Amino acid sequence: MESNIQFLKEKVLLNETLSFSKEDEERIKILKLEKTIKPIIFVGASSCGYVAGVQKTMDTIKQYLTEKQISAEIIKVGCIGLCALEPIMDVQLPGMTRVSFKYMNAENVAEVLDGVFNNTIESDHILGQYRQKNLQKWENVNFIDEIDYFAGQKRIVTEHNGIIDPEDIETFIAYGGYRAFIKTIYHYTSNDVCRIIEKSELRGRGGSGYPCGKKWKITHDNAADQHYLVCNANESDPGAFMEKSIIESNPHKLLEGMAIAAYAIGAGKAFIYIRADNKLAIERFKKAIDDAKAFGLLGENIFDSGFNLEFIIKKGPGAFVCGEETAMLNSIEGKRGMPRYRPPYPTERGLFGKPTVINNVETLCNVPAIIINGPVWFNSIGTTTSKGTKVFTLSGKIKMNGIIEVEMGTTFEDIIFKIGGNVKNNKQFKAIQLGGPAGICLVRENLNITIDYEELNKIGAIMGSGSIIVMDEETCIVDITKFYINFIQHESCGKCIPCREGTQRMLEILEKITKIPKDEASHQTLERFKGVMQLESIAEVIKDTSLCGLGKTAANTFLSSLKWFRDEYEEHIFDRKCKAGVCKELRAFFIDVDKCTGCNACMRKCPENAIIGTVKYPHFIVESKCTGCGICVETCKFSAIFIK
Amino acid sequence: MIFDIEVNNKIIKAKRGETILSALNRNGIKVPTLCYMEELAPSGACRICVVEVEGQQDLVPSCAQPVEEWMKIKTHSPRVIKARKTIVELLLSNHPDDCLYCERNGNCELQKLSIELNVLERRIIGQKGKQKADRSGSCMVRDPKKCILCGRCVRVCEEIIGVTAIDFIKRGNHCEITPSFRKGINLSSCINCGQCIMSCPTAALYERDHLPEIIDSLNNPEKHVVIQYSPAISVTLAEEFGVKAGKDINGMLNAALRKIGFNKVFDSSFGADINTIEVANELVNRIKSGQNLPMFSSCCPAWVKYVEQTHPDLIGNLASAKSPQQIMGTLMKGYLAECINIPSENIYTVSVMPCIAKKFEAQREEMTHKGITEVDAVLTTRELARLIRLYGIDIMNIESELADTVLGTRSSSGKLYAVSGGVAEAIIRTSYNLLTGGDLINYKITELRSVNKNKKEFKIKITDLDLGIAVVSDMINAEKLLDEIKNGRKDIHFIEVMACPGGCVNGGGQPIPSRKEEIKARIKAIYDVDDKESIKFAHKNPQLNELYKILFGKPCDENCMNILHTSFNKRDVLL
Amino acid sequence: MASNIDEILEKQNNSDRSDLLDVLQEIQEIEGYLSEETIIKTSLHFKMATAKIYGIASFYDHFKFTQQGKFHIRVCNGTACHLSHSSNIRKEIEKLLKIQHGQCTRDGLFSIEYVSCLSACGISPVISVNKAYYTLVKASDIKGIIENLKAEK
Ligand SMILES: Cc1cc2nc3c(=O)[nH]c(=O)nc-3n(C[C@H](O)[C@H](O)[C@H](O)COP(=O)(O)O)c2cc1C
Ligand code: SF4
Ligand code: SF4
Ligand code: SF4
Ligand code: SF4
Ligand code: SF4
Ligand code: SF4
Ligand code: SF4
Ligand code: SF4
Ligand code: FES
Ligand code: FES
Ligand code: FES
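Residue numbers (numbering that gives the first Met the number 0), protein chains in the order written: chain A, 0 to 643; chain B, 0 to 574; chain C, 0 to 152.
Hints in this document: simulated from the structure, not taken from any laboratory. Quick caveat: nothing in here was measured; it's all calculated off a predicted structure. Just to be clear, a hint being listed does not mean it is correct.
Unchecked claim - Facing chain B, a subset of chain C residues (Cβ under 8 Å, in silico):
| id | residue |
| --- | --- |
| 1 | Q11 |
| 2 | E35 |
| 3 | F45 |
| 4 | T49 |
| 5 | A50 |
| 6 | G54 |
| 7 | F62 |
| 8 | K149 |
Said to hold, decoys possible - Taking lysine-lysine and the DSS-like style, the derived pairs with C-alpha atoms no more than 30 Å apart in a straight line are:
| id | chain 1 | residue 1 | chain 2 | residue 2 |
| --- | --- | --- | --- | --- |
| 9 | B | K479 | C | K46 |
| 10 | C | K63 | B | K127 |
| 11 | A | K286 | C | K10 |
| 12 | A | K286 | C | K152 |
| 13 | C | K137 | A | K426 |
| 14 | A | K55 | C | K130 |
To be verified - Just a few of them, taken from the derived set where beta-carbon distance is under 10 Å, the chain A residues facing chain C:
| id | residue |
| --- | --- |
| 15 | P93 |
| 16 | F149 |
| 17 | A150 |
| 18 | Q152 |
| 19 | C492 |
Yeah, the Cβ is synthetic: ideal placement off N, Cα and C, and Gly gets one too.
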């Protein structure tokens, strides 16, 4: 039998009709791991899985298999998007459908596997089984796509995430990967590709939603001896991790999208700028490049098409602003990552002065599907002006924290309450922050807004980084605004005055209203108030005059939170109170004498020695000594300590 | 291509490809700028120059945005004014409120902007910076608290001078401009050209002040205080008193200095003449022996430092003659002291220079003998103006006087030391004489007089020698030339290098601002002197010849080497 | 030590500026931080001023100019962690170790760094010490964690 590589090349990639002989079809099934001889255990091994302890889980599984002398294969897969339930483990027994388990910490492994191998799975850990044709279903096990979390989603970009082995190019090809690329270089000219993408109305997912095909076309038409493609994977928003997860879970998909884009704009070199922190993603992408090269899918004269393509990974040394496209170009060129003034636009003079396309990871991951299924297919998904799907990171005080992909036109209401399963710990919903530090907050009233570039634009919001942070009643809006402004201030490149100085002033003012100064004269209340008034006018000027998107959006968080939560600001300013009990310097701690048992635990833990009391008698907090660290609250087993 | 655009409801002409700012300026419409620098690519950093363009969502920086036919621009709409004012207020909000105690009080762009934008209220209050001023440098003080991070100094140092001693570090509000590793400027590769000071809109950079010592000495009856001024001073000082650039006030300068109380007043051009003689002789000797060629001029201490730190292998190529300032200093403490019978310890020598690197030069170890410095204090043109004001002298309304004579007469070629190309011109004139015995008839070397080029060359056939001369004034062009030479170029015998573009008329100690038009006017004033005066050759300077006869002996002989020459040494700095 | 730097630089046979950040990262990976020596050598190699290289490197969060501690503690400062009060953890660590972001204790044992989302928001707040992760951390846990680490040494 010919080798897998040969088989995949000749019988799959070059097979345009997709009609397979029975034998070939079986072979593909084996490669897709749908047909197995041995049991296969899949573990979710992406960043979130590792943090949640999947390494230990894997070790335990191995040990379990050895002990029980079961011959099974362990395969590491990426993230299916259910970060809240990690570690996740799937098992596929020969002839049976794949079934998925949550919270698979080391101590649960034996119990669950015992069940599986004895064909009786009645565990709290069941997530559901996959819908797979021709395989025997598990009785009394729900389908995974029936869970609310997945039912509301439509997965194009994340289609195979968490399902296939990200490090195995053969599985990827067996699942249909790289066919779009081969089709492109064999049948389309660059102009064709640009036209197809234009027709699909794919818009950039990284920022303002610029039409992707148009960007490619302009760049393609700018004559130069070299064009470049840059994939923007600098994702540094402090609440977004879907790009990292996409690359960790399916690097070949991005690679294929980039290869098609490079072909479309006539680029011989494609760069990916990825934050150096994301070690796992870098590692997997590097392997993907190597494997693709070995397959002849990269390099010189790819599949005899005459097209050459080289891939270069650039590790971003940690700066949010380098996500701004011109700053990224500077960073790739080995400079300080400060944005450049536009014009000239990168499409005209970009990297090393050559026409350059910069695209977001998600944008590029949409491309292969569009090539395969055609622009009309893509065009039929979504709303009139926004086509396709959008990936979001859903986190904060939400039950089902993770990565989701929904069709454009879905409402935030559905995302939060259906897919996300409502706020954690039965708390009250307060607001969401959409788009991270550059974004705005939305309250209950406008959750019925649909995901659509224009709709969001109308209320001054942007899709931004695609992070959705859910806040509950215990979140202080002034505090979270301060957090974001602090982030912006830290990440501002410092080039232009309004952004550099303005954000710092905003931060200082917010700091002032979340603290009680040692000795305050009465007129200072007024000044604090004036400060907030000032804030609004500073915010407008920052927006109006900043050079790049970071500055232009820096004030969004503040302006929108002020719009919805003015009363909370006023409470901080005039009453010096933080209802949510977050602003440490505004809160005071008290011990409820009725609840306190005098166990003395808090007194021993208090780092400031602010608690006094005798064992077995109610304790007491000395207000002047207490710094509001909250350790005593965490410590008290009797919930005797409360915040006022 | 020229087309119409609408600005403030009027039609003006604009050229394709130019920026909005350039179109506005040509049409007499003023828009404030801070980070913008003529001749350099716009960085669009400060945003003070924003204007409103109809149809654009945000305000656009006029210095960076190219004009287009469809544009309708408002330069002073309420929105624009509010933005500009807020930007200035933001800058002021954490600025030390120090105007009354500030180096740039009265000549500060930030101050001017706050006047222009009518900032009358402290609306925004920010936390003040706590950084300490860097006083480690011998010539320059950096006060980061006053820095508005416009980046002009960084760009000058890198893109115009070619040294890159300073750069932005960190980002956001932690941004600062510092030498490598945030160390003192004294450890950096800074060559003290002072061009960054010239570009700084505020007092974040300024020269190290020598005024107090001088005033002390003036008040000390034991001290005989003598002063020399460089050839470039007389044509620029008047600007400090509100006179248009290009006025030569040599005589009034002499008078003013005497009024202040300086016991003797000399023109360093005399030192320049001696330098010419020595350097010309060195050059002819080296050409004859074929050693250490091409020879570099060494009268610019910034360039000398550059060679010492960056090209220590080429130290031997520097002319070993002391600079005019140091020659004058030596003579004052030696010859003059004897003439007037005052012990040299009691002579306090001051020089006025257009330069801040001269402060460094005066402190070089090589320039002191037995613990006695040749030049005790160095003033910049700006400091001299301050001294004149302090003594209440109305310099523009006093009778001219001549400089003191013992070290007084000069040739006009000595005066040429003030401009880039001038030193070379003086050297050529005298070398010609050394080689042929006669004098150049076409003594004006126009090839070296072009104002717009910082790299010039000139070839002249003298008897059977093809003398090749090159002139550069900034390190970028110097590097280019050195590269050519390292790559085997042999036709250049003498290279005049000045660190400041255009020469000392544009030195780091000159009046601020020193813009193109001012520099041109100053250069013209210098060449006018060359036209007007009768002694045009250093070797024709009678007092100088007298001095050689009675004191030095033959140029470049042992005695001269002892008194008039110096040595240079490799320097370890953070390059 | 020095030879590492030289080796990396030598391997880089061209001195194309666009490789600068890669080279610095590679050196830091081995040395743990960018010493003055590193920057001076890099500056010679790339024919760029040290001021420039220092300026570029200091722009980015990843580059360190002081040695890291034996235990490098990274505290997630992402939004989800902030919402679950990671700032209390920060304060506690700062107070116990008496160091700030980017600093190292005098005994060379601990250094701290604040980072953005470690992508485990569901089990926030998260901190990591070298390669180990601690999830759902409480301020009151910090003392124990640090003491354990000290004992480990
Ligand atoms: C401060 C700032 C940070 C950004 N960060 C990112 C990022 O992390 N990832 C991204 O894809 N785009 C980011 N962008 C948007 C990019 O500048 C650019 O618009 C985008 O990569 C274009 O790709 P697209 O057309 O595919 O959306 C950022 C923009 C700004 C102003
Ligand atoms: S807006 Fe902020 S981040 Fe953008 S260029 Fe200006 S200072 Fe830099
Ligand atoms: S909040 Fe912190 S400081 Fe205050 S009493 Fe509790 S433990 Fe002590
Ligand atoms: S821990 Fe709770 S119950 Fe125990 S002494 Fe403190 S307040 Fe009382
Ligand atoms: S630099 Fe200008 S604004 Fe600042 S204190 Fe000095 S004079 Fe005033
Ligand atoms: S300008 Fe105003 S503040 Fe300054 S000295 Fe004059 S009156 Fe006083
Ligand atoms: S004095 Fe000259 S060399 Fe020194 S920092 Fe300023 S511009 Fe650069
Ligand atoms: S030192 Fe002066 S020129 Fe340099 S950035 Fe600061 S204000 Fe601008
Ligand atoms: S060119 Fe003149 S002013 Fe400038 S540094 Fe040299 S000697 Fe000084
Ligand atoms: S489920 Fe793994 S990244 Fe979220
Ligand atoms: S002068 Fe135009 S942005 Fe600074
Ligand atoms: S915010 Fe800390 S892990 Fe995401």
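Taking the hints in turn, this is what the structure says about them:
no.: 1; hint: Q11; result: violated, 19 Å
no.: 2; hint: E35; result: holds, 6 Å
no.: 3; hint: F45; result: violated, 12 Å
no.: 4; hint: T49; result: holds, 4 Å
no.: 5; hint: A50; result: holds, 4 Å
no.: 6; hint: G54; result: holds, 3 Å
no.: 7; hint: F62; result: violated, 11 Å
no.: 8; hint: K149; result: violated, 32 Å
no.: 9; hint: B:K479 x C:K46; result: holds, 14 Å
no.: 10; hint: C:K63 x B:K127; result: holds, 27 Å
no.: 11; hint: A:K286 x C:K10; result: holds, 22 Å
no.: 12; hint: A:K286 x C:K152; result: violated, 36 Å
no.: 13; hint: C:K137 x A:K426; result: holds, 20 Å
no.: 14; hint: A:K55 x C:K130; result: holds, 13 Å
no.: 15; hint: P93; result: violated, 33 Å
no.: 16; hint: F149; result: violated, 17 Å
no.: 17; hint: A150; result: violated, 20 Å
no.: 18; hint: Q152; result: violated, 17 Å
no.: 19; hint: C492; result: holds, 8 Å
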